[in-house]
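I would like the entire structure built from these sequences, with the hints used as guidance.
Take a look at the letters that make up each chain.
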Amino acid sequence: MAGLTGRMSTVVKAKVSKLLDKAEDPAETLDYSYQKQVEQLQNVKKGIADVVTAKKRLQMQETTLQQQVVKLDTQARQALSGGQEDLARQALERKNVVQTELQSLDTQVAELEDQQTKLVDSEQKLRAKIEAFRTKKEVIKAQYSAADAQVRISEAATGVGEQMADVGLAMQRAVDKTENMKARANAVTELEAAGTFDDITALGSGEDDIDRQLKQLSSTSAVDDDLAKLKAEVGAGAPPAGEIPAAGASSAAEEAPQAPAEGGQG
Amino acid sequence: MIVRVSGEDQYRLEDVDGQINELDNAVVAAVEAGDEQRFHSSYDELLSFVRAHGTPLAEDDLEGSDLILPPPDISLAEAQSEFTGAGLIPD
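Protein chains in written order, with the working numbering: chain P, 186 to 451; chain F, 76 to 166.
Bear in mind the hints are in silico, worked out from the structure with no lab data behind them. Note that this is a predicted model, so its numbers are computed, not measured. Hints should not be assumed to be uniformly reliable.
Distance ranges between label pairs, derived from CB positions [unchecked claim]:
hint	chain 1	residue 1	chain 2	residue 2	range
1	F	N96	P	E224	36 to 42 Å
2	P	D291	F	Q155	25 to 31 Å
3	P	R312	F	E107	35 to 41 Å
4	F	S116	P	T238	35 to 41 Å
5	F	R87	P	R312	17 to 23 Å
6	P	L287	F	E138	45 to 51 Å
7	F	E97	P	D306	28 to 34 Å
Calculated Cβ distances over 12 Å to all of chain F for the following chain P residues [to be verified]:
hint	residue
8	D235
9	L250
10	D258
11	D271
12	T285
13	K310
14	A368
15	E375
Just so it is clear, CB atoms sit at the ideal spot from N, CA and C, and this is done for glycine as well.
Here it is, written out as structure tokens:
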């Protein structure tokens, strides 16, 4: 059969038969196959551990970014209280970027969790096949002549080989996904190291490249909204600087007229 | 015939070659057209057909499959690489 399914079948079968061709003597085939199967099972375990490690790394990064959000929000508040609206705007812009990154991390963590589940499931299936193969191998050794055994071994080894190819595919896809995420995580770490998410008040009002990039990246309207809300809060004798109200808790922000951010443009 | 859904299970199906071929052709057409939406809907249809008409093989069954379907969450790009030879299956 041609098409998607046919192509996939052909490729898997070629790999399985390549695996079987390596040993011609029946006893050797049995031992070789079994040894390969157990090795593959170890690889799957290692693959699962790698996915878990990658996931933990992303979760740690999430924690760091969450702290940055709190810090930037505090700084925006302080800046506004001190009448430095430009600075407040910058802090909010950065907060916006960090929050976008957080959302993307959430998605990635969920994706890795999905990969982990699939690999655990694959490992369990492969284990069941290997166990069946081990039993069958003893039966074949005991009951069949060399010639007959060859056929039976081929059949049994094909079944396990196919499962191994399938697990291999699941592993490959998991590795590809984690590699992509690692690259992205490294990029974020570099941004952090470059001070992109760092103490905004230390930066003063001077604009650098990063600032300009940030402005392009962050959604201006979202920042305008944030600033208007913050103004309403700070102006209405809101909590002391540094204290973050619970999300959506400020009715003042909702009732306040949408202040056109004219002051912020100059 | 025995059909494996990659990353999932193996199913035993009887007398469905024609139907599977037809569903497969629809998937191929969508891949060739580069139509992501049509690809997913036609491939879901093929998978649903196999799951609905097949009986899952026991876990310790060592039979090989006659047909192997790519993973259900395959992307159009991955499906396209299937055809160009840079296939999904690692060496």
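A quick look at each hint next to the structure:
1. F:N96 to P:E224: 36 to 42 Å: 37 Å, holds
2. P:D291 to F:Q155: 25 to 31 Å: Because 29 Å falls inside the window, the suggested range holds.
3. P:R312 to F:E107: 35 to 41 Å: Cβ of R312 (chain P) to Cβ of E107 (chain F): about 39 Å, so the range 35 to 41 Å holds.
4. F:S116 to P:T238: 35 to 41 Å: Hint holds: Cβ distance 36 Å, inside 35 to 41 Å.
5. F:R87 to P:R312: 17 to 23 Å: 22 Å, holds
6. P:L287 to F:E138: 45 to 51 Å: Taking Cβ atoms as reference, L287 (chain P) and E138 (chain F) lie about 48 Å apart, which means the hint holds.
7. F:E97 to P:D306: 28 to 34 Å: 30 Å, holds
8. D235: 15 Å, holds
9. L250: Its Cβ never comes within 12 Å of chain F, the nearest being 28 Å, so this holds.
10. D258: 37 Å, holds
11. D271: Fine: 44 Å to the nearest Cβ keeps D271 (chain P) off the interface.
12. T285: 24 Å, holds
13. K310: 7 Å, violated
14. A368: The claim stands: A368 (chain P) keeps its Cβ more than 12 Å from every Cβ of chain F (closest is about 18 Å).
15. E375: The claim stands: E375 (chain P) keeps its Cβ more than 12 Å from every Cβ of chain F (closest is about 27 Å).
The structure fails hint 13 only (numbered hints given earlier).
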